[in-house]
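Student: Please model the complete structure; the sequences and the hints are all you need to start from.
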Amino acid sequence: MTQVFLGMPAPGHGNLFEEEPFPQAAHRELGNTQMRKNLRHATHTIRDKRLKVVGELPDWDDLRDSGSAIKNNAMANIEELLLQFEKNFTARGGIVHWARDASEANKIVTELVKATGSTEVVKVKSMATQEIGLNEHLETEGIEAFETDLAELIVQLGHDKPSHILVPAIHKNRTQVRDIFLKEMPGVDPTLTDEPAKLAEAARSHLRRKFLASKVAISGANFALADTGTLGVVESEGNGRMCLTLPETLITVMGIEKVLPQWEDLEVFMQLLPRSSTGERMNPYTSLWTGVTEDDGPQNVHIVLLDNGRTRALSDRFGRTALNCIRCSACMNVCPVYERTGGHAYGSTYPGPIGAILSPLMTGIEAEDNGSLPYASSLCGACYDACPVKINIPEILVHLRGEDVDAKRETHKLPTQMDLLMKGGSWALGKGKNIGLLEKALPLGRLMAGKDKKIKKLPGIAAGWTQSRDVPAPPNKSFRDWWSDEKESK
Amino acid sequence: MSAKEEILGRIRSALSDAPVAEQTPREYRKNSEMSEEELIEMLVDRLIDYKAGVEVIESAQIPEMVAAKLKDANSVVYPHGLEQRWLSQLPTGITAIADAPGARLSVAELDQTSAVVTSSQVSIAESGTIILDGEPNQGRRAISLVPDHHLCIVPVSSIVQLLPEAMPRLTITRPLTWISGPSATSDIELERVEGVHGPRTLDVLLVRGL
Amino acid sequence: MRIALFATCIVDAMYPETAKSTVKILERLGHEVVFPKAQACCGQMHINSGYMPEALPVVENHINAFDTDDYDVAVAPSGSCVASVKHQHPRLAERLGKPELKERAVAVGKRTYELSQLLVDVLGITDAAQQLGSYLPETITYHPSCHGMRSLQLGDRQLDLLKTVGGINVEVLPEADQCCGFGGTFSIKNADVSSAMLDDKVKNICSTGASACAGGDASCLMHIGGGLSRTGAKPKTLHLADILASTMEETVTL
Chain A
1 MTQVFLGMPA PGHGNLFEEE PFPQAAHREL GNTQMRKNLR HATHTIRDKR
51 LKVVGELPDW DDLRDSGSAI KNNAMANIEE LLLQFEKNFT ARGGIVHWAR
101 DASEANKIVT ELVKATGSTE VVKVKSMATQ EIGLNEHLET EGIEAFETDL
151 AELIVQLGHD KPSHILVPAI HKNRTQVRDI FLKEMPGVDP TLTDEPAKLA
201 EAARSHLRRK FLASKVAISG ANFALADTGT LGVVESEGNG RMCLTLPETL
251 ITVMGIEKVL PQWEDLEVFM QLLPRSSTGE RMNPYTSLWT GVTEDDGPQN
301 VHIVLLDNGR TRALSDRFGR TALNCIRCSA CMNVCPVYER TGGHAYGSTY
351 PGPIGAILSP LMTGIEAEDN GSLPYASSLC GACYDACPVK INIPEILVHL
401 RGEDVDAKRE THKLPTQMDL LMKGGSWALG KGKNIGLLEK ALPLGRLMAG
451 KDKKIKKLPG IAAGWTQSRD VPAPPNKSFR DWWSDEKESK
Chain B
1 MSAKEEILGR IRSALSDAPV AEQTPREYRK NSEMSEEELI EMLVDRLIDY
51 KAGVEVIESA QIPEMVAAKL KDANSVVYPH GLEQRWLSQL PTGITAIADA
101 PGARLSVAEL DQTSAVVTSS QVSIAESGTI ILDGEPNQGR RAISLVPDHH
151 LCIVPVSSIV QLLPEAMPRL TITRPLTWIS GPSATSDIEL ERVEGVHGPR
201 TLDVLLVRGL
Chain C
1 MRIALFATCI VDAMYPETAK STVKILERLG HEVVFPKAQA CCGQMHINSG
51 YMPEALPVVE NHINAFDTDD YDVAVAPSGS CVASVKHQHP RLAERLGKPE
101 LKERAVAVGK RTYELSQLLV DVLGITDAAQ QLGSYLPETI TYHPSCHGMR
151 SLQLGDRQLD LLKTVGGINV EVLPEADQCC GFGGTFSIKN ADVSSAMLDD
201 KVKNICSTGA SACAGGDASC LMHIGGGLSR TGAKPKTLHL ADILASTMEE
251 TVTL
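Protein chains in written order, with our numbering: chain A, 1 to 490; chain B, 1 to 210; chain C, 1 to 254.
Among the hints, a few may not be true.
Calculated lysine-lysine pairs in the DSS-like style (CA-CA distance at most 27 Å, straight line) [unchecked claim]:
| no. | chain 1 | residue 1 | chain 2 | residue 2 |
| --- | --- | --- | --- | --- |
| 1 | A | Lys198 | A | Lys183 |
| 2 | A | Lys114 | B | Lys4 |
| 3 | A | Lys390 | C | Lys102 |
| 4 | A | Lys431 | A | Lys487 |
| 5 | C | Lys234 | A | Lys457 |
| 6 | A | Lys433 | C | Lys234 |
| 7 | A | Lys456 | C | Lys234 |
| 8 | C | Lys86 | A | Lys431 |
| 9 | A | Lys440 | C | Lys20 |
| 10 | A | Lys198 | C | Lys234 |
| 11 | A | Lys390 | C | Lys86 |
Which stretches of chain A does chain C cover? Using the computed rule of at least three CB atoms under 8 Å from a CB of chain C, they are [what the hints assert, rightly or not]:
| no. | segment |
| --- | --- |
| 12 | 14-28 |
| 13 | 329-342 |
| 14 | 368-379 |
| 15 | 393-403 |
| 16 | 454-462 |
| 17 | 467-478 |
To spell it out: a stretch of chain A is covered by chain B in this simulated footprint if at least three of its residues, at any positions, have a beta carbon under 8 Å from a beta carbon of chain B; those stretches are [as the list claims (entries may be wrong)]:
| no. | segment |
| --- | --- |
| 18 | 70-83 |
| 19 | 278-287 |
No lab work stands behind these hints, which were simulated from the structure alone. Ideal Cβ positions, reconstructed from N, Cα and C, are used throughout, including at glycine.
Tutor: Here it is, written out as structure tokens:
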């Protein structure tokens, strides 16, 4: 019998971290009125679009049920599927590499690029490459990476960070984009206006030269089909097609969780994804390729299968469904918290509701300030309603809060105010008798409220409440006391 | 130990609770009852919505319609397996170049070419999607990408309503390009803008009797 | 029917009238209401704040209080508390490795209803004025709290009941489905974001011209009411139960 090796799931590295407590980041970002205005406009527009196209399909819920089940199956069988994919992709001339973490992936990609002799690469948008900090690494190795996705181009030229997984420059409005182009885009027309159509045209001229001349492209992949060895990229602009077709060398970096069992599963996901992400019936271009096709497209085709904390997420029994994510971004588009703080407040490449669970699952809850992410939610559940693969984000948020509290229990010597409140609450709310006892103090509360019948300021952590809310005067008598007096003594 | 072995080991350990996933339900629509006329109507509606040009014609009209759609082109590239008849009425001013095995156009040459005409493999009416699969009458991917004007022939017999109906008509291992309108972006303020990198003009001829 | 009242801790301590209203409505319909005295709280505050071991005694106490044969159904004037009982209790039991508790939690959850669920699905109420004598000659607007709307899929049950109250005028709340920003301890841990969300909810309520905002969750109403009060806005908050209990003879005052 062969020895079965059991490894220790290791945490991910790279751009997966919240570097300050979320409330602190949120406080700052809430003050950015331009960003809030941009984001409110963008998210409200997309919400209506999504609802409209989703409402068109009589079988939307059936598709979600299938999508969720397919993903659960894929994660349960991920080892077998990855091996199957590798076999099929390799049989058709593709080359498969495995990367344990961000730095290994960066190293592999760098070597592959260097082997071509090229010092420039064109890139299709890939959050996985953002996650591992690929561009920055390539730069230290003397290789320049040109982002070709309009939003990534805006972020790159603006020396900025992405704030959304689908539309990374959502925090910028058209005027800000024009200003970035005017300042940073070589050869730009100085009379460029801020009409989106003109901005898109400027990007087209700027990038076309690059596409037509480039020898090496780096992409991500939306999915990998195990039974055929096929990869797919879903896009709108055509830069994907350019990068996937014209250069001689194509290097794809993809998280291992993107693997799907059968190619027919595309019939589910290509209905779920476009409608959930851009609110369209179908995105303009989807490209599918299986290894190398002679005389058509790149002949030197590679894929780097990336772990970088995904196995760590997989090992969390209550959190692993977060890996079912198809990166549509519907959750962040409907999130009332994301709408107001923007993506940068979350720190990680993956922001919003999915980021609040995926980032700590991939890094461990104690990494940097990722422990503050699961609390960045009022648990309203809008994300769960919108998720095309039915990830129960609120449930996982609560689960991770439990992990966070348990972890802090080990390390904190002194109880916090919250710890004391909860411990006290455990006693007070653990028996009818106890809550009844506490309620004897209600008249005191009435005294505090005074003539106005309002309490304006509470102490300690409860001050957060009274920063924007009055507390009404408590009643003279609790319900249970009333019941006891009125209903029982008669 | 190799990265592969280590990752697979991590996976085994992560799944040591042996999760059993439920049987995948597939209750979504798999077949449609739409008539040919309804399919045409739906596809036309989607193409117009995407700002593609569209005409519904008879097979005999192809040569004259192709010529009409390409009247402003200097040159047009076509895949070598395309029916020659379709190009038979092109005005003499237009150069028609075949992209063929052993006679491939370079990227620079494609960039100088105004238009491309191809057939297509299958089209999905519900989403307005036209799928090319690299067959000789559709050509390699670069030719329908680089020129700025793509004229695409869609045989009416190749139209289905639903994506699940299109899947059996595809050979998944061929290089597939799914096209749903000319290129676009929603990256600025999430407002859709047409015309970025792919062909900015997409003209579609839906052909009855083909 | 014998109906057990699950008052909920916040109603018990801060809004006893809402529990009294619930009792009134059910007695008007001819049912017997009992109040299991051992009850205290559903435990969602602890659970949602991540204090799972501390939540256990609270959850166990609830299950013990309601795992009895001396009532037919239990009712609470709160979507979030009922959602907690139905969904969070079994999950907590599983997380803490208590299969027997989980089974009992599931059984209790099956017999627990939110007020509008009970009135509409079980007691067949379609016209509050006719069947409950409900009367309130005011213009109100309605905020559907998140747990009721999404976890319990209440749909229009609460709104439809309100619309049939005698003399009432219901104005549609703009962006009604947007969370008010309460979220339990979220309101203090992320006070700034919570206040920003509250701000928009208050603006939307004021824009309707209503004299009160109705809802089915006292905790959301306390948060919303607290914001309305702080900004000196005109509208008050009113719980669904208090509106349904309001009659021509005894009309609830704003």
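Student: A separate judgement is required for each hint: does it hold in the structure or not?
Tutor: Here's how the hints hold up against the structure:
Taking the CA atoms of A:Lys198 and A:Lys183, the gap is about 16 Å. The hint holds against a cut of 27 Å. Between A:Lys114 and B:Lys4 the alpha-carbon distance is near 23 Å, which keeps this suggested pair within the 27 Å criterion. Of the supplied pair hints, the one linking A:Lys390 and C:Lys102 holds, its CA atoms being roughly 24 Å apart against a limit of 27 Å. The suggested pairing of A:Lys431 with A:Lys487 holds, with an alpha-carbon distance near 21 Å, which does not exceed 27 Å.
Taken as a hint, the C:Lys234 and A:Lys457 pair is honoured in the structure, with Cα atoms around 21 Å apart against an allowance of 27 Å. About 38 Å separates the Cα atoms of A:Lys433 and C:Lys234, which puts this hinted pair outside 27 Å; it is violated. Between the alpha carbons of A:Lys456 and C:Lys234 the distance comes to roughly 18 Å, so the proposed pair stays at or under 27 Å and holds. Restraint check: the Cα-Cα separation between C:Lys86 and A:Lys431 comes to about 20 Å, which is no more than 27 Å; the hinted pair holds.
Distance check on the hinted pair: A:Lys440 and C:Lys20 sit about 19 Å apart at the alpha-carbon level, within 27 Å; holds. For the suggested pair A:Lys198 and C:Lys234, the alpha carbons sit about 48 Å apart, so the restraint of at most 27 Å is broken. With a C-alpha separation of about 19 Å, the suggested pairing of A:Lys390 with C:Lys86 holds against the 27 Å cut-off. Counting residues of the segment 14-28 of chain A whose C-beta sits closer than 8 Å to any C-beta of chain C gives 4, which meets the bar of three, so the coverage hint holds.
Requiring three or more residues with a Cβ within less than 8 Å of a Cβ of chain C, the coverage given for the segment 329-342 of chain A holds, as 4 such residues are present. Coverage of the segment 368-379 of chain A by chain C holds [criterion: at least 3 residues with CB-CB distance below 8 Å; count 6]. Against chain C, the segment 393-403 of chain A contributes 7 residues with a C-beta closer than 8 Å to a partner C-beta. That satisfies the three-residue criterion, and the hint holds. Coverage of the segment 454-462 of chain A by chain C holds in this model, with 3 residues showing a Cβ closer than 8 Å to a Cβ of that chain against a need of three.
Counting residues of the segment 467-478 of chain A whose beta carbon lies closer than 8 Å to any beta carbon of chain C gives 10, which reaches the threshold of three, so the coverage claim holds. Using a Cβ-Cβ cut-off of 8 Å, 10 residues of the segment 70-83 of chain A lie near chain B, which meets the minimum of three, so the contact claim holds. Counting residues of the segment 278-287 of chain A whose beta carbon lies closer than 8 Å to any beta carbon of chain B gives 9, which reaches the threshold of three, so the coverage claim holds.
Violated hints for the displayed structure, listed by number in ascending order: 6 and 10.
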